[in-house]
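A.B. asks: Spelled out, the chains give:
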Amino acid sequence: MKPHTLKLLLPLGLLLVLAFVPVLLMVSMSFRRSVDIFADYWALPFPLYLENYAGAAQALFVPALITMLVCAVSIVGLLLLSVMAAYAFGRLQFFGRDALYFSVIALLMIPGIILLTPNYVLLNALGLRDSLWGLILFYVAGGQIIGIFFLRNFFRELPAELFESSRMDGAGEWQNLFHIALPLSRPVLITVGILTFLGFYNDLIWPMLVISDSRKETLMLALLHFNPPDPETSARPDLGVQAAGYVSASIPILVVFWFCMKAYLQGITAGAIKG
Amino acid sequence: MKTRFRMTLPLCLMAGALLPVAPVSAAPGDATPRQFEGEIVVAILSSRTMMPGFEAVAAAYRQHQPNVRVVFETKGGDAGLSYPTWLNTQLNTPDPRPDVVSTNYNRNYSHYVDLDFYRQMINPYSGTPWEDVFDFDYNEVRNARGQRITLGTQGVKVLWYYNRTRFAELGLEAPETWTEFLEACARIKEAGYTPITLSFGLRFHQWLAEILFDQFSRPYVKKIRAQTGDWLYEPGRDGAWTYDPEDPDNDRRVNINTMRLLKAVADGDIRFDTPEFLEVLRALKQVQSFSRADFFLVSPTDFTDSYNLFLREDALIHLDTTRLIPALESDLREISDTPGQPRFEWGFFDTPPLESPMVHGPARAVESIAGEYLGVIRKNERQTERVMDFLMFWLSPEGYQAYVDGLIAAGQFRPSGEILVRGVNLPAEFSVPFSRVPRSGNAEIPLNWIFLLPPPGSSETRASLNALQRYLAGQLSEEAAAARIQAELQASVERILRMNQINPFFLRHPQFKPE
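Note that the protein sequences, when read in sequence, are chains P and W.
Numbering-wise (this note's numbering), the first sequence opens with residue 361 and increments by one.
Numbering-wise (this note's numbering), the second sequence opens with residue 1009 and increments by one.
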């Protein structure tokens, strides 16, 4: 290896290690008793203390299921709406198309925190407080903007001949959409799905506003309250079980990325080049 | 570590200590609870572990008010972001859902109930004036209008914990003067230990700064006390008051006019660039020099980390509150190599007094509120009556006893200090440790807030703290840092008025009640 390559790799390697330190610490803590963590924060987790995971699973299983349900329904809904809207913006001609498109995209510029209060007022008016639909409908409505942005750019770049020949064969726009555009846009759909999944999965503030009933808590809400008592002391939470909860909560994201990474990168690249 | 615990933190409403008791329409002698019906939503900063207590107090209340449904919603174990955001969103809507919230996390809302209005009313669940069974006076914190909008259920005191075993080995005892404190730190440092576990967080720039400045700021109370003709002047109380800096409760015995405090700061009558304040800066720098340099600047929320340093005997002195007392002993036993024996013996001491000739009074401590932070959103008269009835129940001996018993039965009772509801019976393991801590007067009064006076997160707060940091880093002289802090605090008054929607007229005419 050339010296200048080594000079470059060393700091990069150091940065990589530093980036992983918090994760490794979390994993290490998840296999240790809370009191041992307090006694020696940096010690290695041997022997492994697996009971932390039993405690975490018991508390977080139902919230994890609810979260996956909310994410799944929301993503399906927003992809469906995004695809139709993006197809119209990308492939159809109608009066005011671009103005409408840019007015939709302009919503991306509004910081989410500013929308909290008006959204909450709307939620109240719709009677959706303490309902999972209050999460799903607002996720679909808010999440489809990024979907429209990605998909519209992708659809615009598809060869016009594909659609024209299809029309000459008698296909309508719905058939063009579902039989031509949609199959070709799988990587972009996965990219949008993953991006929005991350947002919905990790969302804390909106579920906190919407959900009051602890039986309907999402995973992040449950983690926020995940403060299991340390059986050995009385005055602080069980750090080991908490860390096990955090590790468990990270697993679904890792799984999704593991299976979808290739398509995700394709989608990002497609958006980057064609957009 | 309990995030509920925030001491006065944003608690802090802007100014005003020792305001008076508002006139009250008491109904003396009538101790029979009125019957109410409807729903009350309690959504204070809390964790799920407190639910057994909530359920117990709700069940006990149902015995008296069978037609009232009390709903507890635990919001946030994380006071840093999620609870304030949730609360702010609720308060920005025309129809906020909760009735009881932790009002200290948004002090500028204009529709809170002034709890002083109720303190002399007969509590129907004790048959006595409410203030007889609840210690309203433990901590005197109000919003800019002088209203008491938050009640804390427990009182905590800031203490210096020390490793008595290592102190004895080094021939040291708990210091009683600032000089002895610095000498002990130097001796500890020589022996290879970190003397103090502090970092640049609220323990340093809030608690310690308040305690140090308090020793110089006593005379300022004469400038901000209620004067004859002030809307809150009480001849019996304020007319009889005399200034006595040796009395640790001297400023509790007089009504404080918040507008006079703001006016004094704005006019430069209360100053933070005086020779006395320079002494405070120097003392802070001395303390910093005995903290671990790498640790000092790392984390502003350093309770767990610094506690770890103390437990592991890396550092021998730790600044914390009484909340640590029940935990420390059991933690030291758990991590000990000798079963049943603590890893080391420990003790605590109050902040040693400064010995400057400019000191006006003995050192006091930060004595603040903790536990549950409770305040009420004013919706309509009927709902306010209903909610206040519940709050009076909760903060009565019967209600808080039910709450505590519920937590104890679930193994979740973790008091931070003495219970401010009088007449609550606690097992000895919870009451005895705190009874060993004597009160020494409260330095956490608006006069001493310094970095708390401007609204949290405001440019004035950031600039003041930045000046302190640069002074500690040797980038600013003490005079320059003090001048910057003075300028920022003076400028912050306008922002305080604006955020609280108080007309500047009331600053020019502090005798009138700000509306």
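Treat the hints as calculated values from the structure; they're not laboratory data.
Where is the CB? At the ideal position from N, CA and C, for every residue including glycine.
Some hints could be false.
To be verified - Footprint (simulated), chain P over chain W, 3 or more residues, beta carbon under 8 Å:
| id | region |
| --- | --- |
| 1 | 1129-1141 |
| 2 | 1205-1218 |
| 3 | 1262-1272 |
| 4 | 1276-1286 |
To be verified - Which residues of chain W face chain P? A partial, calculated answer using Cβ under 7 Å:
| id | residue |
| --- | --- |
| 5 | 1056 |
| 6 | 1094 |
| 7 | 1097 |
| 8 | 1116 |
| 9 | 1118 |
| 10 | 1119 |
To be verified - A few chain P residues that don't get close to chain W, going by computed Cβ distances all over 10 Å:
| id | residue |
| --- | --- |
| 11 | 448 |
| 12 | 463 |
| 13 | 565 |
| 14 | 585 |
A.B. asks: Now look at each hint and say whether the structure bears it out.
C.D. replies: Going through the hints against the structure:
1. Counting residues of the region 1129-1141 of chain W whose C-beta sits closer than 8 Å to any C-beta of chain P gives 0, which falls short of three, so the coverage hint is violated.
2. Counting residues of the region 1205-1218 of chain W whose beta carbon lies closer than 8 Å to any beta carbon of chain P gives 0, which falls below the threshold of three, so the coverage claim is violated.
3. Residues of the region 1262-1272 of chain W lying with their CB closer than 8 Å to a CB of chain P number 0, which falls below the three-residue condition for coverage.
4. With 0 residues carrying a beta carbon less than 8 Å from a beta carbon of chain P, the region 1276-1286 of chain W misses the three-residue requirement, and the given coverage is violated.
5. The interface hint given for residue 1056 of chain W holds, since its Cβ lies 4 Å from the closest Cβ of chain P, which is under the 7 Å cut-off.
6. Given hint, residue 1094 of chain W at the interface with chain P, holds; its Cβ is 5 Å from that chain's nearest Cβ, closer than 7 Å.
7. The closest approach between the C-beta of residue 1097 of chain W and any C-beta of chain P is roughly 5 Å, which is under the 7 Å cut-off, so the hint is satisfied.
8. The interface hint given for residue 1116 of chain W is broken, as the beta carbon of that residue sits about 15 Å from the closest beta carbon of chain P, more than 7 Å.
9. The restraint placing residue 1118 of chain W at the interface with chain P is violated, with a minimum CB-CB distance near 16 Å, outside the 7 Å limit.
10. The criterion of a C-beta within 7 Å of any C-beta in chain P is not met by residue 1119 of chain W, whose closest approach is roughly 16 Å, and the hint is violated.
11. Chain W leaves residue 448 of chain P outside its interface by the beta-carbon criterion, the shortest separation being 34 Å against a cut-off of 10 Å.
12. The non-interface label for residue 463 of chain P is consistent with chain W: the shortest C-beta to C-beta separation is roughly 25 Å, beyond 10 Å.
13. For residue 565 of chain P, the requirement that its beta carbon stay farther than 10 Å from each beta carbon of chain W is not met, with the minimum near 5 Å.
14. Here residue 585 of chain P does not stay apart from chain W, with its beta-carbon only about 4 Å from theirs, under the 10 Å limit.
Of the hints listed earlier, those the structure fails to meet are numbers 1, 2, 3, 4, 8, 9, 10, 13 and 14, in rising order.
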